[in-house]
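K.L.:
Taken in order, these protein sequences are the chains called R and A. Our numbering puts the first residue of the first sequence at 1, with every later residue one more than the last. Our numbering puts the first residue of the second sequence at 1, with every later residue one more than the last.
Treat the hints loosely; a few may be bogus.
Since the list gives no way to pick one copy over another, a pair counts as held whenever it fits inside one copy or between any two copies.
Capping the alpha-carbon separation at 25 Å, the derived lysine to any residue pairs in SDA-like fashion look like this [said to hold, decoys possible]: (1) K112 to P551; (2) K379 to S535; (3) K379 to T389; (4) K225 to E512; (5) K112 to A265; (6) K516 to E22; (7) K516 to R574; (8) K236 to A265; (9) K460 to G299; (10) K460 to S44; (11) K112 to E543; (12) K112 to R553; (13) K112 to Q267; (14) K569 to R530; (15) K112 to V369; (16) K379 to Y390; (17) K571 to I509; (18) K148 to R410; (19) K516 to F145; (20) K112 to N456; (21) K112 to E366; (22) K225 to G338; (23) K112 to V549.
Keep in mind that the hints were calculated from the coordinates and are not lab data.
Chain by chain, the residues run as shown.
Protein chains: 2
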Amino acid sequence: MKWIIRVNTRTGEISRQEATEEEMRWGGRLLISKFLLREVPPTSDPLGRFNKFMIAPGLLGDTIVTTTGKFSVGGKSPLTQGVKESDVGGEAGKKIARLGIKALVLEDIPEKAGTTKVLMIGGNQLTLSEYPELRGKFVSETIRFLRKRFGREAGIICIGPAGEMKMAGAGVAVTDLNDIQVRYAARGGLGAVMGSKGIKAIVVDDSEAVLPHVFDDGLLREASKTLAQAILDDPKTENRHKFGTPAILMVANELGLLPTRNFSAGQFERAEAIAGERVAEVIAERGGEGRSGTPCLRGCVISCSNIFPDPSGKRTVASLQYENITLLGPNCGIGDLGDIAELNHLCNEVGVDAIETGAAIGVAMEAGVIPFGDAEGAKDLIRQIGQGTYLGRIIGNGVVVTGKVFGVRRVPAIKGQAIPGYDPRALKGNGVTYITSPMGADHTAGNTFETARTINPIGKEDQVRNSRRLQIRAAILDTMGLCLFTRPPFVKNPELFTLFLKGRYGWDITYEDVQKIGIDVLKAEREFNRRAGVSEEFFDIPEFMREEVLPPRNSVFDISMEEMQQIWKVKIPRDVF
Amino acid sequence: MKWIIRVNTRTGEISRQEATEEEMRWGGRLLISKFLLREVPPTSDPLGRFNKFMIAPGLLGDTIVTTTGKFSVGGKSPLTQGVKESDVGGEAGKKIARLGIKALVLEDIPEKAGTTKVLMIGGNQLTLSEYPELRGKFVSETIRFLRKRFGREAGIICIGPAGEMKMAGAGVAVTDLNDIQVRYAARGGLGAVMGSKGIKAIVVDDSEAVLPHVFDDGLLREASKTLAQAILDDPKTENRHKFGTPAILMVANELGLLPTRNFSAGQFERAEAIAGERVAEVIAERGGEGRSGTPCLRGCVISCSNIFPDPSGKRTVASLQYENITLLGPNCGIGDLGDIAELNHLCNEVGVDAIETGAAIGVAMEAGVIPFGDAEGAKDLIRQIGQGTYLGRIIGNGVVVTGKVFGVRRVPAIKGQAIPGYDPRALKGNGVTYITSPMGADHTAGNTFETARTINPIGKEDQVRNSRRLQIRAAILDTMGLCLFTRPPFVKNPELFTLFLKGRYGWDITYEDVQKIGIDVLKAEREFNRRAGVSEEFFDIPEFMREEVLPPRNSVFDISMEEMQQIWKVKIPRDVF
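Please build the complete structure, drawing on both the sequences and the hints.
P.N.:
Laid out in structure tokens, this is it:
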């Protein structure tokens, strides 16, 4: 038995319904898309009464399978005006799943704006209480406060001042067990949706957890071991463990797709100084609290996170990741790891997506607000987001608003959302994904970087089919609650999914059925977007990317809208993950 | 023979083509919609290379028919992302028409942003020259400069600093013969489109005008006299002449539809102090340069404009109109005519739509940036638009950006554009027009205020059909180049249109054909919007208007989306204008 918890943030009413048979087959991203389509009027105001803020563990969320502590956060996005699912690690997800919660749904908005309530979720209690002390508090301050109040074992999900101020660049923060890693469901402005509900934090106490009824525990354990071992055997895993996600930075730089100075170049002259290898070196040199190869949630065999220390060994930020380094670093002309780590930390404190914010700062730099390379100026801009100054509010609302306000034409965004760390002119498959994915410009919705060796990234061939395949792949993993980095074993043996679903639920399905789940996710999301008026047919790559060549590969994005629109007709072999 | 003039603002190339037979049947708003659909990619960036800035006199623009000096300005709107046609009086329109120009089309954008070029249009010369002295200049300074350079007889069209900075609230200014009236093609942000083309001003010299070949001059003159006399005989005309457009303010207040304090009420306690009657009184009392009943263009028999003076008799602004009074006055809690006149003057100087700006200030007031009623604060905000401060850029980009940046939920906008001076909760027909018109929330696209006596403004009955009829009516007048205020004689005798078209062009058509022209305009516009992704099916009234009752009539907007979507199926009798 699983529960759907609904909180009416206007009346304070909290209800608990048993998940229906149909709902039992939904999880993570699939659940978000189905609920959104069923319950949220597509043209509603993302920050208004009719949007819903949802949290859902993946289908394997309540198992011991590695990485499945990730969970999905979702709702209608104030950035894209369409569906948004953003998944995240940390400790809260596993706890929510262990409480038997299928979905947590925050509904309506308070009569009076500006509350900072805490929703406490336990096995036998569900309470909503106002904590005025939390008003305007940074994420670390919020966590400290909640720890004191709710103890060391609580799972914590919260927003910073940016979310409270309903800025469209705001994300949702989750802590790990020791409050070292601050992880973000960063993209799409879901922090603003949570803020619009007047909820500052969600605290999860799983001390009264309910053991799930597992269909075949032996099978599940065996499949789980197989997966873990296969991940460990994959050569990429060691790289990720050692150097984290920034492991790919030098390759990205070599391929000339590294967003540099507001997407005006694809290579950065100081790339080596900020690459994954250097991150690991600096961590080793400085020692202290610094760590490489740490997990973002318990039980992860990959452990691609890190704790980046300042020269004295004190933690600056955890974790320092590829996307954030790229957008806050090269894209702003900043090439010092210490500066980038501090910028990232500040984003985590005020509670904004570092990608969206880095892109917005890049545009502000192009407009001359501060010069490229001005790290102190950039830090000040992020602090201003937290303070809610006029300039801070502009930047905090993301790259499109920033571009509008400053009259800048080179705005790297698709469907209202900033393009992440892969310039689509030099990685054309990502352009296809940014345009056609219901998520807009998102690096987790079908990132073709992994296939850059087999498919020419600046060629036109096979990009659409490849994006289609990877979009389905991402949708499946996001529905299971598995990290994208678990994919290699599944690529080799897609049937592995069926063992997990058989073991956990007793479902007798084939991999083809699993593929259908991924397709189903995309269908539901596309349908929501179509009704919301943000169908992919209305969005092309930013105009400048079709005409300004990107040095050093000097390519433009040249896949036609017509070809991209054909993506939904592309058939993917039924046995391919 | 008529000409299409095209200016490539990137290369500086200017070309002149003869209008085709098909194009000869287009004028004003019809021409804008047809050109836009034919030439502008619907999903293109409104401030990018592929949008076009267009100017087109109406079909009767080169005749002596009263009010036909109005002309249409158009392009894809940076506010609505859809089609925008905004028509305007002043002197330039007649001059353009007298030069045999069917349309002026500014294409592409300069390689380098920030130019302030002047396009000079004469009978035998078409030149484009840079005037760096004009950079950042207010509209009055720009006009003064151009007068010195081009003489007293030139027609002048220009933008203020807001347009140069590509703010989405920017309009296009036109002067009258004596530079007293500054008229605006205000809505939809077309000033930003002109600014994106690097054109600060268009100067028209009609000293080498070409007399048009008129099919039947006698018939045209006779019809023209009939129209002028009928307008003069209409009781509304005298009222308009005496009190101007603010003549309706007290009725609007009585009906409870006067936007007050960011659309939180429909009546303003100081309405009498700012109504048309009071405007006329103040003008009479103060004397000096003050005038009531002046024309905005030569040959207008209505002359609904005024020159509003300060206590010393010096002109503050010309003209002070209903919409601007409403949005800058009651909507901001400001009830002093002198303050409102000054606010309007400042909008004219920096070059922004007073409606959009008044609405944006109202939202900023709700957010607490300045308090309601703070006239000096409001003036400062408009000055800041001209200075391009962070706050000024927020406000100058219109009400939706302002609402986003400040996290305000009560944003009175539809399709990205501010709702004008008629709250749709107390004038439901206007709600239908705001939602279904391809123009978004626009008071000239099918304003049902004129039918408020015959159709209950807070009832649900007949609103959709009525809006449909008035939308067609507006489209016809905007295509002819006639002022909306000429409508009474046409309502009585729609066949009058056929006399004009027969006299001017020799067309043998019936009123039914004229009605089809209006329907054709709306079809072309809707098709452009559909392709641009801003079909009316994706926009409802702002959510707060469906739930917050509007005092004192305590109504909400309750016409369903479903009913409004039926509007295009409503048949209007073929003989009704």
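K.L.:
All the hints need checking, so say for each whether the structure fits it.
P.N.:
We went through each hint and held it up to the structure:
1. Proximity of K112 to P551 under the C-alpha cut-off of 25 Å is restricted to the inter-copy arrangement: shortest distance 20 Å between copies versus 51 Å within a copy.
2. For a Cα distance limit of 25 Å, the shortest separation of K379 from S535 qualifies neither inside one copy, at 36 Å, nor across copies, at 41 Å.
3. Taking the closest pair of Cα atoms, K379 and T389 come within 25 Å of each other both inside a single copy (14 Å) and across two copies (20 Å).
4. In this homomeric assembly, K225 and E512 come within 25 Å of each other (Cα to Cα) only inside a single copy, at 23 Å, whereas the closest approach across copies is 78 Å.
5. When the C-alpha separation of K112 and A265 is checked against a cutoff of 25 Å, the pair qualifies only between copies, where the shortest distance is 18 Å, while the shortest distance within a copy is 46 Å.
6. Taking the shortest Cα distances, K516 and E22 sit within 25 Å of each other inside one copy (15 Å), while across copies they are farther apart (52 Å).
7. In this assembly of identical chains, the alpha carbons of K516 and R574 lie at most 25 Å apart only when taken from the same copy (9 Å versus 53 Å across copies).
8. When the C-alpha separation of K236 and A265 is checked against a cutoff of 25 Å, the pair qualifies neither within a copy, at 28 Å, nor between copies, at 63 Å.
9. Proximity of K460 to G299 under the C-alpha cut-off of 25 Å is found in neither arrangement, the shortest distances being 40 Å within a copy and 61 Å between copies.
10. In the homo-oligomer, the alpha carbons of K460 and S44 lie at most 25 Å apart only across protomers (22 Å), although the nearest pairing inside one protomer, at 37 Å, exceeds that limit.
11. Taking the closest pair of Cα atoms, K112 and E543 come within 25 Å of each other only across two copies (16 Å); inside a single copy the shortest separation is 41 Å, beyond that limit.
12. Taking the closest pair of Cα atoms, K112 and R553 come within 25 Å of each other only across two copies (24 Å); inside a single copy the shortest separation is 53 Å, beyond that limit.
13. In this assembly of identical chains, K112 and Q267 lie within 25 Å of each other by CA distance solely across copies; the values are 24 Å between and 48 Å within a copy.
14. With identical chains, the CA atoms of K569 and R530 are at most 25 Å apart both within one copy (17 Å) and between copies (23 Å).
15. In the homo-oligomer, the alpha carbons of K112 and V369 lie at most 25 Å apart only across protomers (18 Å), although the nearest pairing inside one protomer, at 35 Å, exceeds that limit.
16. In this homomeric assembly, K379 and Y390 come within 25 Å of each other (Cα to Cα) both inside a single copy, at 16 Å, and across copies, at 18 Å.
17. Taking identical chains as interchangeable, the C-alpha atoms of K571 and I509 lie at most 25 Å apart only when both belong to the same chain, with a minimum of 20 Å there against 54 Å between chains.
18. In this assembly of identical chains, K148 and R410 lie within 25 Å of each other by CA distance neither inside one copy nor across copies; the values are 46 Å within and 37 Å between.
19. For the homomeric pair K516 and F145, neither the shortest alpha-carbon distance inside one copy (44 Å) nor that between copies (68 Å) is at most 25 Å.
20. In the homo-oligomer, the alpha carbons of K112 and N456 never lie at most 25 Å apart, since the shortest distance is 54 Å inside one protomer and 34 Å across protomers.
21. Taking the shortest Cα distances, K112 and E366 sit within 25 Å of each other only across copies (13 Å), while inside one copy they are farther apart (38 Å).
22. Taking the shortest Cα distances, K225 and G338 never come within 25 Å of each other, neither inside one copy (38 Å) nor across copies (79 Å).
23. Only between protomers do K112 and V549 lie at most 25 Å apart by alpha-carbon distance; the minimum there is 17 Å, versus 50 Å within a single protomer.
Taken one by one, the earlier hints fail for this structure at numbers 2, 8, 9, 18, 19, 20 and 22, listed in ascending order.
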